[in-house]
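Whole structure, please, built from the sequences with the hints as guidance.
Residue numbers (the numbering used here): 1 to 376.
Source of the hints: derived by calculation from the structure; they are not laboratory data.
Yeah, the Cβ is synthetic: ideal placement off N, Cα and C, and Gly gets one too.
Just the calculated beta-carbon pair ranges, DEER-fashion:
#1 D51 with G158: 28 to 34 Å
#2 T56 with Q134: 23 to 29 Å
#3 A65 with E308: 38 to 44 Å
#4 G292 with Y135: 28 to 34 Å
#5 E309 with D3: 30 to 36 Å
#6 A153 with R84: 20 to 26 Å
#7 D3 with E61: 19 to 25 Å
#8 R67 with T201: 48 to 54 Å
#9 R296 with A253: 18 to 24 Å
#10 R84 with R227: 33 to 39 Å
#11 V314 with E41: 19 to 25 Å
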Amino acid sequence: MSDPGPVVVLGGSGFIGRYVCAAFAASGRRVVAVSRSPVPEQPHVHWVPMDLGTQTERLAELLAAERPGVLVNAMGAVWTASERVMLDVNATMAGQIVGIVAALAHRPRLVHLGTVYEYAPTPVGGVIDASTPQYPRGVYGWTKLIGSRAVLAATAEGRIDGVVLRLATVIGPGAPRDSLVGGVADRLALMRAAGGSGTLTFGALVGEVDFLDVRDAAAAVVAAADRPVTGEVVNIGRGRAVGVRRLVEMLIAVSGLPVVVEETDRRGAARSRHSGTDWLQVDIVAAGQRLGWRPRVSLPESLRALWEERTASVPAPASAPAPASAPKPAQVPRPAPASAHSPGPVQGPAPEPAPGHRTPPAPAEPHSTRPPRSPR
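This is the structure in structure tokens:
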């Protein structure tokens, strides 16, 4: 049997990229992780330091030398980045990668990680599937859509062998600190270390979102690499929308801390609930049919793993936590909606944003999930 070649993961040090590397390595494949930041040491994974924003020629040389059987584009820039960075990373660089792959003497399979935020918003109770219009409501969605379309167009032209996975909001151990769930986990870990209770304050926790564990996302990537599914878009999620506030409360319950949740923008919450916005649920039937994939990690399991990861390096208090009757205010830093990207604008794709987290009115931000009413 011939050597299928290694798996090259672009953005291998990012939130999703790290788990993609681990999943392929666990299956016995040799993995080459390409990123600016180091990747965790593990068997069968080799790190190649590279700034993909400025070293595209070096990437072409690497791919020609390694002759990978699979190339995973797990890079991405989310709401915390500027519009220019999102455009450069999600759209321009994605197109450059397509060009590099098309010019190779051999043909690796390109698995491109997109986001379900490339679609138009759906009404409450609706699902995102192949028939959902592709009209994002933010810069992040638009730039990711451009990148996905570059892959699909080149595949349709016969220039590459590509498939696009559009991921729901990715959570789990290692969730970025600037994501909603990652930020909440950090604050809870600090409260635990201080041995007291507290109040987590938000503008408004609204919306119902499809949350996907990062390990399930990585398993979907491995499945897409092995299945003969070409030129298609496959949506990946848990297939169930969960309230954003409910998710926060679940994480608090996992922590076991007497913490109070406070929303200061109740009018904003009421407006959103009345208008029926901020609903996201993915139809995952096609993922099962085309990839033989289904989610296996429950939300409680995902949040438990996140909590254990966050508290592993934070010492437990010497005494029991203070009773909940005297909460101490503790503001949570305003997180970007939780997508799955790595720390750094060019490392890793999409944890995805949880659009339900809102703060009181503030200056417009380029990473807002609200669309400029026209064309991430």
